[in-house]
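S.K.: So the protein sequences, as listed, match chains A and B. The working numbering puts the first sequence at residues 1 to 427. The working numbering puts the second sequence at residues 1 to 420.
These are computed hints drawn from the structure, not numbers from a lab. Beta carbons: idealized from backbone N, C-alpha and C, even for Gly. Treat each hint with caution, since some may be false.
Calculated lysine to aspartate or glutamate pairs in the DMTMM-like style (CA-CA distance at most 25 Å, straight line) [as the list claims (entries may be wrong)]:
1. K354/B x D193/A
2. K354/B x D137/B
3. K263/B x D7/B
4. K84/B x D52/B
5. K354/B x E327/B
6. K84/B x D7/B
7. K395/A x D155/A
8. K14/B x E253/B
9. K146/A x E174/A
10. K146/A x D52/B
11. K354/B x D199/A
12. K14/B x E319/A
13. K354/B x D195/A
14. K354/B x D182/A
15. K143/A x E210/A
16. K146/B x E188/B
17. K146/A x D199/A
18. K14/B x D182/A
19. K14/B x D52/B
20. K146/B x D401/B
21. K354/B x D227/A
22. K263/B x D291/A
23. K49/B x D7/B
24. K146/A x D10/B
25. K14/B x D321/A
26. K395/A x D81/A
27. K14/B x D147/A
28. K395/A x E105/A
Listed below are several chain A residues computed to face chain B (Cβ distance under 7 Å; list not exhaustive) [what the hints assert, rightly or not]:
29. R33
30. H39
31. P248
32. P249
33. V275
What follows is each chain in one-letter form.
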Amino acid sequence: MSYDTVVVGAGLAGLTAALRLTERGQRVMIVARGVGATHLAPATIDVLGYLGDTRVGAPAGSLAALIAASPDHPYAHITADQLATAVTWFGAHAAALGYSGSVGENMLLPTALGVPKPSALAPRSMAGGDLRGGGRFLFVGFKGFKDFHPALIADNLVRAPLPLPITARALELEPPSSRLGDLSGRVIAGRFDADNLTDWLVGELENRVEPDERIGVPAVLGLRSGDQTWQELEKRLGCTVFEVSTLPPSVPGIRLFNALTAALRARGARLVLGVRAVGAHANNGHIDTIDVANATGTVSHAVGSVLLATGGFPSGGLELDSFGATRETVFDLPLIGVPETDRVRFAPNYFDPQPLASAGVPTDDLLRPVDANGHPVYTNLHAAGAILGGAIPWKEKSGTGISVASGYAAAEAILAPAAQSVSEAVR
Amino acid sequence: MNDFIRDSLDHCVKCTICETYCPVSQVTPMFPGPKYAGPQAERYRGAGKSVDSSVDYCSGCGICTQVCPQDVKIAEINSRARAKLWEQRGVPLRNQMIARPTVIGRLGTPVAPLANWALHNRAVRGIVQSIVGIHRDAPMPSFAGKTFQKRSRNHRGPSDAPAVVYFHGCGTNYYEPLVGEMVVAVLEHNGFRVIVPEQDCCGLPLQSNGNFPAARTYVRRLVDRLVPHARAGLPIVSNSTSCGLMLKREAHEILGIEDEDLKIVSESMYDLCEFLLRLHERGQLRTDFGSLPLTVPYHAPCQQRGHGIGKPALDLLALVPDLHMIELDVDCCGIAGTYGLKKEKYEISMAVGKRLFSDIAATGSELAACDSETCRWQIAHGAGVTAVHPIELLYRAYGLDRQGQRDLVTTGTQPARVSG
Numbered sequence: 001m002s003y004d005t006v007v008v009g010a011g012l013a014g015l016t017a018a019l020r021l022t023e024r025g026q027r028v029m030i031v032a033r034g035v036g037a038t039h040l041a042p043a044t045i046d047v048l049g050y051l052g053d054t055r056v057g058a059p060a061g062s063l064a065a066l067i068a069a070s071p072d073h074p075y076a077h078i079t080a081d082q083l084a085t086a087v088t089w090f091g092a093h094a095a096a097l098g099y100s101g102s103v104g105e106n107m108l109l110p111t112a113l114g115v116p117k118p119s120a121l122a123p124r125s126m127a128g129g130d131l132r133g134g135g136r137f138l139f140v141g142f143k144g145f146k147d148f149h150p151a152l153i154a155d156n157l158v159r160a161p162l163p164l165p166i167t168a169r170a171l172e173l174e175p176p177s178s179r180l181g182d183l184s185g186r187v188i189a190g191r192f193d194a195d196n197l198t199d200w201l202v203g204e205l206e207n208r209v210e211p212d213e214r215i216g217v218p219a220v221l222g223l224r225s226g227d228q229t230w231q232e233l234e235k236r237l238g239c240t241v242f243e244v245s246t247l248p249p250s251v252p253g254i255r256l257f258n259a260l261t262a263a264l265r266a267r268g269a270r271l272v273l274g275v276r277a278v279g280a281h282a283n284n285g286h287i288d289t290i291d292v293a294n295a296t297g298t299v300s301h302a303v304g305s306v307l308l309a310t311g312g313f314p315s316g317g318l319e320l321d322s323f324g325a326t327r328e329t330v331f332d333l334p335l336i337g338v339p340e341t342d343r344v345r346f347a348p349n350y351f352d353p354q355p356l357a358s359a360g361v362p363t364d365d366l367l368r369p370v371d372a373n374g375h376p377v378y379t380n381l382h383a384a385g386a387i388l389g390g391a392i393p394w395k396e397k398s399g400t401g402i403s404v405a406s407g408y409a410a411a412e413a414i415l416a417p418a419a420q421s422v423s424e425a426v427r
Numbered sequence: 001m002n003d004f005i006r007d008s009l010d011h012c013v014k015c016t017i018c019e020t021y022c023p024v025s026q027v028t029p030m031f032p033g034p035k036y037a038g039p040q041a042e043r044y045r046g047a048g049k050s051v052d053s054s055v056d057y058c059s060g061c062g063i064c065t066q067v068c069p070q071d072v073k074i075a076e077i078n079s080r081a082r083a084k085l086w087e088q089r090g091v092p093l094r095n096q097m098i099a100r101p102t103v104i105g106r107l108g109t110p111v112a113p114l115a116n117w118a119l120h121n122r123a124v125r126g127i128v129q130s131i132v133g134i135h136r137d138a139p140m141p142s143f144a145g146k147t148f149q150k151r152s153r154n155h156r157g158p159s160d161a162p163a164v165v166y167f168h169g170c171g172t173n174y175y176e177p178l179v180g181e182m183v184v185a186v187l188e189h190n191g192f193r194v195i196v197p198e199q200d201c202c203g204l205p206l207q208s209n210g211n212f213p214a215a216r217t218y219v220r221r222l223v224d225r226l227v228p229h230a231r232a233g234l235p236i237v238s239n240s241t242s243c244g245l246m247l248k249r250e251a252h253e254i255l256g257i258e259d260e261d262l263k264i265v266s267e268s269m270y271d272l273c274e275f276l277l278r279l280h281e282r283g284q285l286r287t288d289f290g291s292l293p294l295t296v297p298y299h300a301p302c303q304q305r306g307h308g309i310g311k312p313a314l315d316l317l318a319l320v321p322d323l324h325m326i327e328l329d330v331d332c333c334g335i336a337g338t339y340g341l342k343k344e345k346y347e348i349s350m351a352v353g354k355r356l357f358s359d360i361a362a363t364g365s366e367l368a369a370c371d372s373e374t375c376r377w378q379i380a381h382g383a384g385v386t387a388v389h390p391i392e393l394l395y396r397a398y399g400l401d402r403q404g405q406r407d408l409v410t411t412g413t414q415p416a417r418v419s420g
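So that you can see chain B by itself, here it is in the shape it has in the complex (with noise of 0.2 Å):
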């Protein structure tokens, strides 16, 4: 294991501004908060015994990593911590099961008009959270029924232009594959040719789940897919950034991953809107954008703010006319992937989020804007607004929905149709 996430625990000055930031701390006594449970609590767990299982109540945002002035891993030893704890105790068959998007999208998807009628009827909910442990007003995506990856064998680009190679992630392939027919639609209007590798999860929610020998199987398995693209030079994108993040960062920094294979992936690695700016940078991204008049809040996850890479969703779509985006101020929507979704952990996320909602809510916007997919789903559950990924006013900005014609699309927990 790489011990410069341990060792990091020397730094903590106990200044408490992790503690400040921590939005589950905020809102329930369950977790005592990340400098508690991480640098302090680390101490306790020399002999790589779990002391406490309050960590498992840390959503894993890792805001409190980010905002720390002296670089304590804290977020990444908290995540530690919690699979210890389960590793000691057993993952729980719930949190197993939530745990494994390609599990529950390849069983879905045949399936798609009776598991959406499932996931979404109160009786059938009611009785999945009394026997699983899923809470019944937890926000849930709906089977697309058409995957992307089956959507995209038939399409056909450009033969001769730049490769640019997709991770799309799972949210995509099985509940928003129109998200990801935007996203190749704009990197094609942009001069790509876009390779769609067959891929499956990257085990980054294994890996909050506390299950990190499946998740470190999940993300071998991918980087093998994706590494001769790499090694070929090719830049990777993602319009997941929880997903994205998993393969720069946190295979490494969390699972103690130490490959060359994985090293090359992660330097590859874009998000979708770090890479689409870096082209404006040099002068090769298209801005024959068509005006869109419209008022959007936008939220970067705590995820999207893992990356390091500000907010380029802001700065690409300040490109488009008449489109003005409010940039919010919150750190985390609450449901952190699967936390959300918990039986014990829904109305937590609900409180960390309630924030978010009413910024929004405020703003008077029926759509928010928003990088993360899980996101988007509490963002629409929460704020009762249609929440979509910038992507999808790019591509309405550049007039490709009239070309598909296609209604822009989708969250995968309501259809929308933006008039503008």
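The shape of chain A in the complex, shown without the other chains (with noise of 0.2 Å):
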């Protein structure tokens, strides 16, 4: 088939762009080895949460001062207005979450952990757990739900450096018991929208929570009724409920990656799992055709543009060999942020800087993957997420900000190629 684009990789950046190309009424396919790191993240949009060590309350105020100390980082092709327009649109679409939040501040969002988080946007039914204002929290584990432990996130929590401080008690109760064996948090949400889980968790907690409390639950309040389970909640117990995140797997992350192919879906777009894109054709720097390997051999596909969204080391769109050769994986692009062969790759403790942590595509601030000149390898190539080098998205907790904003702005360069040309000659 021949497509307006191509998107390789069903991660943020790749399902925000297509979202974008398809509204423009583009034509779309995305093609991807598997299901991306939507799954495994929170569903909060965290655009800047750290410079260095210190915690950034307004992410959009910040970014000068990051692009100066990074000026390879992925936010030095964005625009300012750019970003904020991304973002806002972004929360926008994925209505069915309910997102708030900005780019002009960040909220402070409990971990499983209990680390506050700083984090731009939040689906409504996490952003009751800004810690900000200080105040009184209760938080609610569910006995046989692994990795999550009420008592440990407000034992940090009163400890974590905040503005205000908080009071934080939890409570460990015992779910109704079910045929299903295994308490992930896949499983515990699939109950919320089946049984009624909500009768017995208002029972538990209507008498048990001190008034000013807010209650805090693990983020299983269902995959298609979770924001209709939280409303639910608040109403009922008549205080503020919120979601905290879990470890893997990611209830939040698994609605937004169902509200966005959902949007797709209703726009035409294709959605081809457990396939890879191997290579291009191209003409004068200009790709033709994208081949897809799929059961039986490679079939190419006619595009007029490609958005590379394969993500970094852990999703493959990076590779390292064991001879330290470090490569993108689908058109062997040039990379950044690689130190040579030689040299060390590891720094001994996990948390110190690590020389491979920024490694990544290079780009023009059209998003297209660049030479060692500056020149885009391909004309109608164009990158997003987390195969962008320059930034250290763990570090900074703004993977999921770049994600959309890449993702965003390298659909409005697809779009709007003509016009983008003469802003780049100008700059």
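Dock chain one against chain two, each of which comes alone in its own frame, and use the hints as you go.
M.R.: And the structure:
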């Protein structure tokens, strides 16, 4: 088939770009080896949480300092206006999750380990956990649900650096027994969807919650019915209830994936999983067809543009072999942030600055991967998300922000190449 | 055996994405999930011994492999572990039986009216359940009486057109020969001569029931019959997505067959809709479609997704005026070939299919489309609608039904008539 754009990768960056492109009428196919990191991340949009070791309160206002310190950062290729537009647009288009927040200021949301994490946007079912205003918190866990310990969350949070003091206590509830053995987040969410666990939870909590307390529960309130369950809990308990991100799998992340892919389906985009983009045919630096390997062989699809959103090392967009060579796996693109092969590639301590941490693809301001001279490798190849070099997302707490902003900005560059080329020339 | 299947388990990063998609472990504790049973338990199967019987509750839908971002061949690992289990224990008689559709087909076809009566008689089915272990409510197709092979022998197509080889599979042969005739009619309408080689089962049901030696015998026999055509450079099309996938990938990846003949056949295989869409891309598909004012929900079966070809049925049906297809978003209908027929697995299979059934019901349509035959039978059974192969809609849109004086037809479980 021929497509206006083929997106490689089904993570947040690829889905965001695809959604924007289909919104503007493009025929889009998304090909991916599998599902992306949406299912692992908590569905918050983290634009910028840390500058060095300093927690960021106002992400939009801190971009200039970030870019000054990291000139190759993906945000250096995205204007502040574009970033704000992208994040606002995204929040509005993932409407099923009811995002709240803005790029202007970070919320501080509790994690499953009791760490206050800075996020610009959060689903409204999580936003009530904002710790900035201080106050009294009750964290609730479910017996048998692994890796979520309300006492750990409460203990860590009261000791965490916060603008205003909080108090926090913990409560562990025994969920009604079920035929289902392993209590994963996915299984509990399924029970909220199917059975009426809401009645049970209200019954357990209504006489135990103290005045002015906010209740944090694991983010497992249902896959299909999560938002409704949350609303119902707030209404019936008469207090603020919020979901706390869990260890993977992330139920809010799956909700986000489902919301984005449903919107894409409705606009006729095709999502093909379990396949691999293996290369392209180009003429004069312009990609004409992209090759996708499926069950039996390789199929070439004619394309107008290609968006590379394959992720970094964890997702296979980048590969490090046992000889120390690092490569981009689809197009073998030039990389930045890669130490010479005879240099140390790993620091001895996990949290030390790691030499390979910011490895990735360099781009121009249209988010097109560039060679060492700054020239686009292909005129119609763009990149977005964790494949981009120059950032240390896990440390900056910028991963989902980069994905949304670069996904949106790459889509805009694809949609308006002519106009954008002019502004590029002006720069 | 090709080690790349087993070796892939080292790529597992325990991200749990497969667990979130497994339709079986979501509805029953009998199966602990693809990650536990697959890449994790596989490490204990080192000496070729089976360590757990829970893997028998994997339905083999293959969704885990499709969603895995690290290319771990989870479903394939589990499929082999299941075979190891039954190799040690001996495959039960019931599983040997239901895994041989050609044997059942040959037995049932001559006595079709009687067999159909028995298949749909509550009392008989109750007895069959208690003696054989096939659930009394499980969806069963009806024998057509006259097989597609027999029907096609009397058919005279064009003699000088480019040829395409048709691998129709057992479902079409014994239960839905009219679907096969529609396939032929649509291909001939597009200027092809359709070759229908003698053929029987691809071995897939035996493979999923853990009898690999017998499955290999079947698939090799089928490959022997198809390979002369493949060597002659002819494309082979199949309207059975799972049987097509067997030839494309599973005989190699799961049964571990390494030979040149299979490779050539694999590379010549096309899913029917994939083949027609390729014609369209080359501007060679006739688009003289008449109006078909229908709204039809479409379910891409799990095995169809395993082809990695997108959803060509939807791309094709988008060419039909006034036909509105609704793309459903459910991974599996639950039947998984013979899985849902089994006494101890029927309830699981229906629980897996529940969401699909209710999503179909929510569309208000009395008609659904789906590429795979056993899935259509399950959909007809669970959702109470008529389920057709997409080719039936194309056939009708081409107006071929009027030429041939034939009503739009059938799923194996209930006759269907569509007004439009």
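S.K.: If a hint holds in the structure, say so; if it does not, say that too.
M.R.: Tested hints:
1. K354/B x D193/A: Status holds; Cα separation ~13 Å.
2. K354/B x D137/B: holds, 15 Å
3. K263/B x D7/B: holds, 22 Å
4. K84/B x D52/B: holds, 10 Å
5. K354/B x E327/B: Holds, because 17 Å separates the two Cα atoms, which is no more than 25 Å.
6. K84/B x D7/B: holds, 17 Å
7. K395/A x D155/A: holds, 23 Å
8. K14/B x E253/B: holds, 22 Å
9. K146/A x E174/A: holds, 13 Å
10. K146/A x D52/B: With a Cα-Cα distance of about 23 Å, the restraint between K146/A and D52/B holds, given a limit of 25 Å.
11. K354/B x D199/A: Measuring from Cα to Cα gives roughly 23 Å; hence the hint holds.
12. K14/B x E319/A: Given that 25 Å is the threshold and the Cα spacing comes to 19 Å, the pair holds.
13. K354/B x D195/A: holds, 14 Å
14. K354/B x D182/A: Satisfied, since the Cα-Cα distance of roughly 21 Å is no more than 25 Å.
15. K143/A x E210/A: Holds. K143/A to E210/A sits at ~22 Å (cutoff 25 Å).
16. K146/B x E188/B: Holds. K146/B to E188/B sits at ~22 Å (cutoff 25 Å).
17. K146/A x D199/A: holds, 23 Å
18. K14/B x D182/A: OK: K14/B and D182/A at ~15 Å, within 25 Å.
19. K14/B x D52/B: Distance ~20 Å between K14/B and D52/B Cα, so the pair holds.
20. K146/B x D401/B: Holds, because 20 Å separates the two Cα atoms, which is no more than 25 Å.
21. K354/B x D227/A: Roughly 22 Å separates the two Cα atoms, so the pair holds.
22. K263/B x D291/A: Holds - the C-alpha atoms of D291/A and K263/B are around 20 Å apart, at most 25 Å.
23. K49/B x D7/B: At roughly 17 Å apart (the allowed maximum being 25 Å), D7/B and K49/B satisfy the hint.
24. K146/A x D10/B: holds, 24 Å
25. K14/B x D321/A: holds, 21 Å
26. K395/A x D81/A: holds, 24 Å
27. K14/B x D147/A: holds, 14 Å
28. K395/A x E105/A: holds, 18 Å
29. R33: Holds, because the Cβ-Cβ distance from R33/A to chain B comes to roughly 6 Å (cut-off 7 Å).
30. H39: holds, 5 Å
31. P248: Since the shortest Cβ distance to chain B is 5 Å, the answer is holds.
32. P249: holds, 5 Å
33. V275: Holds, because the Cβ-Cβ distance from V275/A to chain B comes to roughly 4 Å (cut-off 7 Å).
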